[in-house]
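Protein chains: 2
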Amino acid sequence: MAEVHATRRARLRERCAAAGQGAALITLPANVRYLTGCAPPGAALLVGPGPQDLLVHLRPPPDDPRQDPHPDDLEATVLPSPDGDAAVAAADLARERHADGLAVEEHHLTVARHRALRSVTSGIPLTDLASAVEQLRLVKDEHEIAALRIAAEIADQALGELLESILVGRTERHLALELERRLVDHGADGPAFPTSVGTGPHSGTARHVPSDRRVEEGDFLTVRLGATYRGYRCEVGRTFVIGTAPAAWQIELYEQVFDAQRAAREALAPGVACRDVDRASREPLTAAGHAEGLAPWSGHGVGLEIDEDPQLSPAAMGKLDACVPVTVEPGVHLPGRGGVRIDDTLVVRPLADGGPELLTITTKELLAL
Amino acid sequence: MAEVHATRRARLRERCAAAGQGAALITLPANVRYLTGCAPPGAALLVGPGPQDLLVHLRPPPDDPRQDPHPDDLEATVLPSPDGDAAVAAADLARERHADGLAVEEHHLTVARHRALRSVTSGIPLTDLASAVEQLRLVKDEHEIAALRIAAEIADQALGELLESILVGRTERHLALELERRLVDHGADGPAFPTSVGTGPHSGTARHVPSDRRVEEGDFLTVRLGATYRGYRCEVGRTFVIGTAPAAWQIELYEQVFDAQRAAREALAPGVACRDVDRASREPLTAAGHAEGLAPWSGHGVGLEIDEDPQLSPAAMGKLDACVPVTVEPGVHLPGRGGVRIDDTLVVRPLADGGPELLTITTKELLAL
Numbered sequence: 001m002a003e004v005h006a007t008r009r010a011r012l013r014e015r016c017a018a019a020g021q022g023a024a025l026i027t028l029p030a031n032v033r034y035l036t037g038c039a040p041p042g043a044a045l046l047v048g049p050g051p052q053d054l055l056v057h058l059r060p061p062p063d064d065p066r067q068d069p070h071p072d073d074l075e076a077t078v079l080p081s082p083d084g085d086a087a088v089a090a091a092d093l094a095r096e097r098h099a100d101g102l103a104v105e106e107h108h109l110t111v112a113r114h115r116a117l118r119s120v121t122s123g124i125p126l127t128d129l130a131s132a133v134e135q136l137r138l139v140k141d142e143h144e145i146a147a148l149r150i151a152a153e154i155a156d157q158a159l160g161e162l163l164e165s166i167l168v169g170r171t172e173r174h175l176a177l178e179l180e181r182r183l184v185d186h187g188a189d190g191p192a193f194p195t196s197v198g199t200g201p202h203s204g205t206a207r208h209v210p211s212d213r214r215v216e217e218g219d220f221l222t223v224r225l226g227a228t229y230r231g232y233r234c235e236v237g238r239t240f241v242i243g244t245a246p247a248a249w250q251i252e253l254y255e256q257v258f259d260a261q262r263a264a265r266e267a268l269a270p271g272v273a274c275r276d277v278d279r280a281s282r283e284p285l286t287a288a289g290h291a292e293g294l295a296p297w298s299g300h301g302v303g304l305e306i307d308e309d310p311q312l313s314p315a316a317m318g319k320l321d322a323c324v325p326v327t328v329e330p331g332v333h334l335p336g337r338g339g340v341r342i343d344d345t346l347v348v349r350p351l352a353d354g355g356p357e358l359l360t361i362t363t364k365e366l367l368a369l
Numbered sequence: 001m002a003e004v005h006a007t008r009r010a011r012l013r014e015r016c017a018a019a020g021q022g023a024a025l026i027t028l029p030a031n032v033r034y035l036t037g038c039a040p041p042g043a044a045l046l047v048g049p050g051p052q053d054l055l056v057h058l059r060p061p062p063d064d065p066r067q068d069p070h071p072d073d074l075e076a077t078v079l080p081s082p083d084g085d086a087a088v089a090a091a092d093l094a095r096e097r098h099a100d101g102l103a104v105e106e107h108h109l110t111v112a113r114h115r116a117l118r119s120v121t122s123g124i125p126l127t128d129l130a131s132a133v134e135q136l137r138l139v140k141d142e143h144e145i146a147a148l149r150i151a152a153e154i155a156d157q158a159l160g161e162l163l164e165s166i167l168v169g170r171t172e173r174h175l176a177l178e179l180e181r182r183l184v185d186h187g188a189d190g191p192a193f194p195t196s197v198g199t200g201p202h203s204g205t206a207r208h209v210p211s212d213r214r215v216e217e218g219d220f221l222t223v224r225l226g227a228t229y230r231g232y233r234c235e236v237g238r239t240f241v242i243g244t245a246p247a248a249w250q251i252e253l254y255e256q257v258f259d260a261q262r263a264a265r266e267a268l269a270p271g272v273a274c275r276d277v278d279r280a281s282r283e284p285l286t287a288a289g290h291a292e293g294l295a296p297w298s299g300h301g302v303g304l305e306i307d308e309d310p311q312l313s314p315a316a317m318g319k320l321d322a323c324v325p326v327t328v329e330p331g332v333h334l335p336g337r338g339g340v341r342i343d344d345t346l347v348v349r350p351l352a353d354g355g356p357e358l359l360t361i362t363t364k365e366l367l368a369l
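First to last, the protein sequences are chains A and B. Counting from 1, one number per residue, gives the positions in the first sequence under the UniProt record's numbering. Counting from 1, one number per residue, gives the positions in the second sequence under the UniProt record's numbering.
Isolated chain A (complex conformation):
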């Protein structure tokens, strides 16, 4: 695995050289993890100048069996005091190593930290690395996809077990906690994000903080959860009906969202514009009269962060590539009544290979529970 990280750092080094940037200072935790395999809180990674990269830790690496061991080919140093700033120490070392420029993550560093960096790098131009590492992270390798596959399996298992239990009378918060416990039971590092459970009028929203409302007969129940496995995050969302006989409006709405979500899934292919995948679900739901209730985006990339590029939205630029994992999660929320949201994680694959690989395989049939 160490070669993987060294290779990624080499690609970053090439990018920086091509952009005339002498060295790069990485502070965003997911980016540090992508390039080193570990994610110590507060750590900073110096890539370049020269071939020997350096990871500056705030404190001795914690005892965490869920992270890769520190790679042998990466120099590491620990700050004498955890009150320091690993980024400032790394910038100082860049200066000692005669870097003729340092690219930093201006979308992550605060103004105060940037000022501290400038005070130790005086004379060395500081430029913006921008989203160079995020762009490297877009297309996943097969190890990353394997981790996502397992994360999806764990989420599916947790959801499946919940569906076998009694739901009526339980609060949204308890169901969310139960799901998170089961994620860990099945081997997740932890939840990928705070689990969302919404019942009755709370169902179908893009974000719902679980409340003390109890599940009742006749409710739509929307569940959205995700697992983190070896740092990789996947999500799944489903909507169920509680009780034996869904109402006519529920069946109709469910079919509309199901069909829209399927259309968007089927639109996924290498070379397709992100906005076109979004349109594949947005258009039919708008035509059905639900424009008001739609979220501004209908999916997003996943990986070391639960919300990554690319974004699937009307304004999205860019096209999909093979081996890019995305969510497809349109939904409709009718204020006061509730609604439907169906959320899958898929990997874009060439059509010749069978089209998009669905990771989250819990049935999307409307279940009455």
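Each hint should be verified, as a subset may be incorrect.
[Unchecked claim] Across the chosen pairs, the derived CB separations fall in these ranges:
1) A:Glu164 <-> B:Gly187: 22 to 30 Å
2) B:Pro335 <-> A:Leu358: 40 to 48 Å
3) B:Arg214 <-> A:Val4: 27 to 35 Å
[To be verified] Some chain A residues near chain B, calculated using beta-carbon distances under 7 Å:
4) Pro82
5) His107
6) Leu109
7) Thr110
8) Val111
9) Ala112
10) His114
11) Arg173
12) Leu177
13) Arg181
14) Val184
[Stated by the list, open to error] Every beta carbon over 12 Å from chain A, so not counted as near; a handful from chain B, in silico:
15) Gly22
16) Ala146
17) Glu178
18) Pro194
19) Ile306
20) Leu369
Hints are computed from structural coordinates only; laboratory data are not their basis. Beta carbons: idealized from backbone N, C-alpha and C, even for Gly.
Take the given structure of chain A and dock chain B to it, following the hints.
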């Protein structure tokens, strides 16, 4: 309650006026919450110029019964698109309102966001608000202390219930999850921070990510957890022995940490230097030969964030005031063997009022479980 927030904003406005800053732009979530009672993700608060403050939301406020309703006396506006930056919108409005200066939180805003602010405020000087709001937050009012009291009670209850259950054979991760479930059962918004459970050689560390190691007879078991209640966060930590007869080294180490922690608790009083409270526990543990195993700080403030000013450490400047809540949490970790950590949250009170108010009342006697 609305007057509380309006009063706090008025105090901030006075501070800014005294510092020659025309208006203040608050983005750190705990600071937004302190000044408005709500904490919408991505929101930005404009205090001044003039008497009418403004809260800019990224999206319509979520349906969250655990937050105060939006105060009537605070103007609010929602961005047309949640892809925008509420801080940029707020800065633009400051310009429209003829602010002659804008103080921003340079320890929170990224370089990229600050650049976006500058592009809309061209001409208006942007200065650093620094930790002005954090300083207002230091001394808690009785409502805040009441919330902390309840948060502490919830943490004590969760811990107490766990102690009545079977521990041997259970993993650290399961115990941590169990504690977090019980926090919510007892009315917490949620955990104050990721619960830490360490058994055997993992016990006594300042930070331990719960692993799959199972509790065994003869282990030290260290538990550290906290509850959030109405946004206020409290913590408690205890160390137990598993089985009927602690070893002699365990009894000796426990007494050393207990005595050191008690000395630090008893040192708390208005006017006392923070570094002196730290020294009260650090000195005896150093004298007992444990200097290597000590954390660089032995306590910290709590409130809307679990880790606030003041810090109790050898380098800390500043003195304590009445109504400042702090943790007192020295501990010793012996690599390969484990150790002891005892953590309380207390409120500094005048000696005439009985000295520090202990919020976390779980017994500190060494229990064999």
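Once the shortest beta carbon distance from A:Arg181 to chain B is found, is it less than 7 Å? 5 Å, holds
Interface hint compliance - A:His107 to chain B, C-beta minimum distance less than 7 Å: 4 Å, holds
Does A:Ala112 pass the interface check with chain B, least Cβ-Cβ distance below 7 Å?
4 Å, holds
* Taking C-beta pairs only, is B:Glu178 more than 12 Å away from all of chain A? -> The claim breaks: B:Glu178 does not keep its Cβ more than 12 Å from every Cβ of chain A (closest is about 8 Å).
Q) Taking the CB of B:Arg214 and the CB of A:Val4, does the distance hold inside 27 to 35 Å? A) 32 Å, holds
Checklist entry - Against chain B, is A:Thr110 within 7 Å by beta-carbon distance? => result 6 Å, holds
Query raised in the report: For B:Pro194, which was marked as not at the interface, is the minimum beta-carbon distance to chain A over 12 Å?
Result: B:Pro194 is in fact no farther than 12 Å from some Cβ atom of chain A, at 8 Å.
Notebook entry, point to check: Would you say the C-beta atoms of A:Glu164 and B:Gly187 sit inside 22 to 30 Å of each other?
Noted result: About 29 Å separates the Cβ atoms of A:Glu164 and B:Gly187, which means 22 to 30 Å holds.
Quick one: work out the minimum CB distance from B:Leu369 to chain A and report holds if it exceeds 12 Å, violated otherwise. About 22 Å separates B:Leu369 from the closest Cβ of chain A, which puts it past 12 Å; holds.
> That 40 to 48 Å hint for B:Pro335 and A:Leu358 (C-beta), does it hold up?
Replying inline: About 47 Å separates the Cβ atoms of B:Pro335 and A:Leu358, which means 40 to 48 Å holds.
Hint validation: A:Leu177 versus chain B, beta carbon distance must be below 7 Å. Holds or violated?
With Cβ-Cβ at 5 Å, under 7 Å, it holds.
Against chain B, with CB atoms and a cut of 7 Å, does the hint on A:Val111 hold up? 4 Å, holds
Violation of the numbered hints given earlier is confined to hints 17, 18; the remaining hints are satisfied by the structure.
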